[in-house]
Amino acid sequence: MDTNFCNISEYLTIVNSSQLNTTTLELILTPLEEHEYRKLSLQKQKHRLLGRLAAKQSVQEYYARRATNLEYQQIEILNNNNGAPTCVVSDPNIPQDELLISISHTNNYAIAAVANKNTSSGIGVDIEKIKNLEGKMIQRFLSTTELEIYHQTPNNKQSELGILYWSAKEAYFKASKLTRFNPKEIDTTIEKIDNGYKLEIISPDRSLIATGYSYVTPEKFIITTLKI
Amino acid sequence: MKTYDEIFLEVQNLIAYNLNLPLSAVEPHSNIGDLATDSIKLFELLTAFESFYEMEFAYQDIADVDTPQDATHYIARVKYNQSK
Numbered sequence: 001m002d003t004n005f006c007n008i009s010e011y012l013t014i015v016n017s018s019q020l021n022t023t024t025l026e027l028i029l030t031p032l033e034e035h036e037y038r039k040l041s042l043q044k045q046k047h048r049l050l051g052r053l054a055a056k057q058s059v060q061e062y063y064a065r066r067a068t069n070l071e072y073q074q075i076e077i078l079n080n081n082n083g084a085p086t087c088v089v090s091d092p093n094i095p096q097d098e099l100l101i102s103i104s105h106t107n108n109y110a111i112a113a114v115a116n117k118n119t120s121s122g123i124g125v126d127i128e129k130i131k132n133l134e135g136k137m138i139q140r141f142l143s144t145t146e147l148e149i150y151h152q153t154p155n156n157k158q159s160e161l162g163i164l165y166w167s168a169k170e171a172y173f174k175a176s177k178l179t180r181f182n183p184k185e186i187d188t189t190i191e192k193i194d195n196g197y198k199l200e201i202i203s204p205d206r207s208l209i210a211t212g213y214s215y216v217t218p219e220k221f222i223i224t225t226l227k228i
Numbered sequence: 229m230k231t232y233d234e235i236f237l238e239v240q241n242l243i244a245y246n247l248n249l250p251l252s253a254v255e256p257h258s259n260i261g262d263l264a265t266d267s268i269k270l271f272e273l274l275t276a277f278e279s280f281y282e283m284e285f286a287y288q289d290i291a292d293v294d295t296p297q298d299a300t301h302y303i304a305r306v307k308y309n310q311s312k
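Going line by line, the protein sequences match chains B and L.
Read in order, the letters of the first sequence correspond to residues 1 to 228 in my numbering.
Read in order, the letters of the second sequence correspond to residues 229 to 312 in my numbering.
Isolated chain L (complex conformation) (with noise of 0.2 Å):
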């Protein structure tokens, strides 16, 4: 079972490898819709999480998805069980 600051870490690598960034500039609240480029990168980054997770982000829930700890908190719940 990962904790919740592994799940973090693992999305906060995700999100910056897959969007071209640095680590730093990926932030707990960050706007994920903001920090890629465009809608397409946006979606890849989709597909990235969900084969590195094994999992699908079901699309009623994405919108409820708008930063790193939202994605977290998600993960968290859905893959591993985990509430916070």
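One chain only, chain B, in its complex shape (with noise of 0.2 Å):
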């Protein structure tokens, strides 16, 4: 896959399976990540360590970007009790719990961001691998007038709409913090822009509750990042 739209995000990180290859499992994970990680199927393990690299990856950007450069061991991820990540950073220079970070898998790719807390109080990332969705799952996820639009689009353009909003939704899920949600609650705009789509997320009493943008690699995934 072609990584150069990584950079659409300043602390956007995107990795494959292969540079797994040119690492060890005990070089990324701390002891207590390992723990963790060993509670897992193996299925499950490969996707906790292709994301945990992704997010390692972009807290070491953020901090390089600030002088200060990181080993993986100085920085530990873990799930909290609703099962996102969070981030501990082992430097004493670094103040703690200052990051905000999303984390997302797919097939042999994971991606992350970060975010200062300063900055926004929620970031959300997706990777989807455009497919198409059954019917009955369309009608399930999507808005009134997200169906309504999804239904005027050609044949040949709906697996690509369905899985934007799909992965809108995704990422506004995890940026909310929500343990509740109902993706048919809320409707999501999008716009073509040159190289990929803005989109924007209004809530039912129609104000705008987040901002992102969504890309489609050759490989025809879909990346997403969603800021509240």
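Since the hints were derived computationally from the structure, they do not count as laboratory data.
Note that this is a predicted model, so its numbers are computed, not measured.
By construction, the Cβ of each residue, glycine as well, lies at the ideal position given by its N, Cα and C atoms.
Check each hint, because a few of them may be wrong.
[Unchecked claim] Mimicking BS3-like on lysine-lysine, the simulated pairs with C-alpha atoms at most 30 Å apart in a straight line are:
| no. | chain 1 | residue 1 | chain 2 | residue 2 |
| --- | --- | --- | --- | --- |
| 1 | L | 269 | B | 136 |
| 2 | B | 220 | B | 192 |
| 3 | B | 131 | L | 269 |
| 4 | L | 269 | B | 39 |
| 5 | B | 136 | L | 230 |
| 6 | L | 269 | B | 46 |
[What the hints assert, rightly or not] These stretches of chain B come out as covered by chain L in the derived footprint (C-beta under 8 Å, 3 or more residues):
| no. | stretch |
| --- | --- |
| 7 | 38–50 |
| 8 | 134–145 |
| 9 | 169–181 |
Build the complex from these two chains, which are given one at a time in their own frames, with help from the hints.
If you want it as structure tokens, here you go:
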């Protein structure tokens, strides 16, 4: 996969599974992270390792631009009770708990992004392979307005649009930190821009609650980043 | 009226079939989110449940359905009006 689009966001990182060949689990994960990793199924272990690698590279990049170089072992990313990743950095010069972090994975890829808590109250990322979604599923997660737009879209563009909507709502769910979420209750507006799509998430009372971008890669993955 | 055990067997089979897993991988206390490889697969499983049982899982309840046992309790209560 062409990874040039990693630069769409200052601290967005994408990794693929081939990068795991150049490092080892013991280098990437802290003992506590490894303890959590060992509890997972083999499939989930692969996703977890890729996701943690992407997340740690994002954190490294964030602090490298602030003249602090970190090793993977200084960055610990654990899931909280809601399953959301949280980041602790072991460096006396770095304030604790200042970063928001979001991770997503699919097939052999993982992406992660970080942001300072002072600049946004939530971030969400998502990566999805474009594929056909069943009609029942489409009806179950699209709002009335989105469904109308979906049905007005030519058949050969519906797969991409369906996954765009899904990815936007998935990223919003992560950014919002909600534990209960009805995807039909939010509207997503999608505007085509030069190299992707600009997204706006609208609440049931018609307020703008999040903004972001989606990009379609040549390999037909959709990558979404969203900020609240 | 289906028994709790009959519903559990259906739930177990639906999960195994839709997530392409052996039946033995789907235990009463398995975490369904951990069994699915991604969120789309998980949502497809939800719609498969809804088609099979001809019912809709309320979004506010889904967060409480973590395991095949939870799903069985939910279906028994909402679809068949049983409590356990």
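Outcome of the hint check:
1. 269/L / 136/B: holds (13 Å)
2. 220/B / 192/B: holds (16 Å)
3. 131/B / 269/L: holds (12 Å)
4. 269/L / 39/B: holds (21 Å)
5. 136/B / 230/L: holds (26 Å)
6. 269/L / 46/B: holds (17 Å)
7. 38–50: holds (count 5)
8. 134–145: holds (count 5)
9. 169–181: Since three or more residues must qualify, the claim that chain L covers the stretch 169–181 of chain B holds, with 4 doing so at under 8 Å.
Hint compliance for this structure: no hint is broken.
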